[in-house]
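Chemist: So you can see what is in the structure, the chains are spelled out below.
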Amino acid sequence: MRIYIGAENIISPLGKSADDNFHALKTNTSAGKYFEGLGFNDETVFLMKFDQKDKTSFSQLVDDCLSGISGKLSGKLLSSEKTLLIFSTTKGNFESNFTNGIASFCSDLKEKYELKNDPLAVSNACISGVLAINVAADYIKPGLYENVVVIGCDVVSEFVLYGFQSLFALSDDVCRPFDEDRKGINLGEACAAVVLSKNVEIFKEQPLIYVSGSSSNDANHISGPSRTGEGLYRSVVKTLKLSGLSAKDIDFISGHGTATVFNDEMESIAFDRLKMNHIPINSLKAYFGHTLGAAGLVETAISMQSLRNNLLIKSLGFENQGTSKQLNVIEENSEKEIAAFLKTASGFGGCNASLIIKRA
Amino acid sequence: MNFITTYCHISEDHCAVNGEVLLTNESENSWIRTLYDHFKIDYSKFHKMDLMSKIGVIGSEILKSQNGKIVDYDDDEIALVFANKNSSANTDVKFQQSFKENGSPSPALFVYTLPNIVLGEIAIKNKWYGENIFVVSENFDPEFYENYCNILIPSKAMACACGWVNVLNDSIEAFFFFVEKEASTEDSLPLTSNNLLNLRKA
Amino acid sequence: MEELKKNLKEQIIERLNLEDVQPADINDNDPLFGGDLALDSIDALELIVLFENYYGLKITDPEKGKKVFESINTMADYISKNN
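Chains as they are written, first to last, in my numbering: chain G, 1 to 360; chain B, 1 to 202; chain A, 1 to 83.
Hints are computed from structural coordinates only; laboratory data are not their basis.
A few of these clues could be false.
[As the list claims (entries may be wrong)] Listed below are the simulated BS3-like cross-link pairs for lysine-lysine, each with C-alpha atoms no more than 30 angstroms apart in a straight line:
| hint | chain 1 | residue 1 | chain 2 | residue 2 |
| --- | --- | --- | --- | --- |
| 1 | G | 112 | G | 82 |
| 2 | B | 201 | G | 110 |
| 3 | G | 112 | B | 85 |
The following block holds chain G by itself, in its conformation from the complex (with noise of 0.2 angstroms):
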């Protein structure tokens, strides 16, 4: 069975549409700023967040992405007793609702859009995204449901913000993954979503091809990568083996790319492991930061815009390799046929996923 994926939409600071933020990528602009005094002890943070006159809800992203996604597909699909919604997110809304801010926004959003189904909400750390669109495609494959739209949102939080000052895992400007010189992440927020579908017609614009998609823990540290890249390696393996395609079917790699020192190196071992690491790859956290539960969809959907326009995203922040195992990190803008895509992701935990993505 072929399972189509399309209807990708992103609300981020640098635009309110796919296009938008693929445009912004085109003149490879970063949404970064300096927030003056909002870490914690009134520290100086660089991130990636709404401006304050363009300040809106956690709900209000989610609306608005969704209203985005519904202008893209032809009929009532939401509110359809065959769609199913998948939720991916570290926190939800929990500035409003502490305990339970995922839950509950859910059944919040059942209500309001008049779903049919209970939303499934993925709450895996970083690989949240990829894993929500991996398991939106399982659910399709046996008839559970026809069409899945998933949608992801986090937003930069006083908590959030302070933990990761407390692991000293914030860089005080832009973030350089793969670089040598890189010194940690930026934080992010956005919301972006995907639709997958058995049924082409659904799509107004020409859909892509969902190929497979796996997840593996790396069995190590719950808050440090493994130095071997084990769970990269072996998702990456699996997800090759059920695609039936081949490393040389792969014409790039949307990696993880965080620009934490381990991080980084820890994907370049992965990579070098499994005989990939001549494939063009890219990190897009120096455009978007980190936002974590929305970062799989994110960049998946800016990766299907360049598989849709063929032209390969620099990785912005990279200057001088950095890891101990070569990488093929895209430099400049360039132009490519594009048939096919890997995006991994890899979060605290010790999670690993990854997913591959074809054009029809």
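Position chains B and A against the provided structure of chain G, taking the given hints into account.
Modeler: Frame of chain G; chains B and A shown alone:
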């Protein structure tokens, strides 16, 4: 058809294995310490974990103690399929206190403010490299476990260690069960939503 | 000094959430990292916070931190020499 081959419950006042109450919280010692000692866990990293991770690790140890076949699976054949209602709220509250009341954000607490950390702790303890998923839902959703285990087995996993583990204000509600292709134990039951609902109440 | 060591053990248990560990379980000379307590890099960050909050001591060099946080004895030594 897949089967539920063993299961257990942990709350703040008792621990039941395959429906039989095994321990009640009566001793002077801490309840978690009682469980740790009873199931002979002997794992130094255990003491640093947050409460939800501790419960998850105890739960996975109980499942292993009841079904000898679990340790025979290859290191990537067991998927972890977990869910709860309140995500990591129990530790979120403590982390928030660390910076609002106790001076500065605690890194050791922050790393536990994601619900899937319990999956990581179980994976590390057992060297399980398989699939992971953590889902948050308002109520125990038997259909999720039924559907997702049936999806994973056998294309992405050969067995699933499943859990509903909710911890809030240090009150515990946990139900763990193991799902396999074959009815490997005498008490095995077909994996159906109805059976899951009944076992959870047991 | 004994009072200081006892306080340190209590503070470590509290800050690192070692709820099931008693102060008596930690020997003054036991290695804190790589030993029975299984402390790791995140806990080292937590000990830095602890030193700052309770003793007003700032440790910014991680290498120095490693030496200072080796055991209860080395921590107590460092505090008594720098306070």
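Chemist: If a hint holds in the structure, say so; if it does not, say that too.
Modeler: How the hints compare with the structure:
Restraint check for residue 112 of chain G and residue 82 of chain G: the C-alpha separation of about 18 angstroms stays at or below 30 angstroms, so the hint holds. The suggested pairing of residue 201 of chain B with residue 110 of chain G holds, with an alpha-carbon distance near 27 angstroms, which does not exceed 30 angstroms. Between residue 112 of chain G and residue 85 of chain B, the direct Cα distance comes to roughly 20 angstroms. Compliance with the 30 angstroms bound is thereby established for this hinted pair.
Violated hints are absent here; each numbered hint is respected by the structure.
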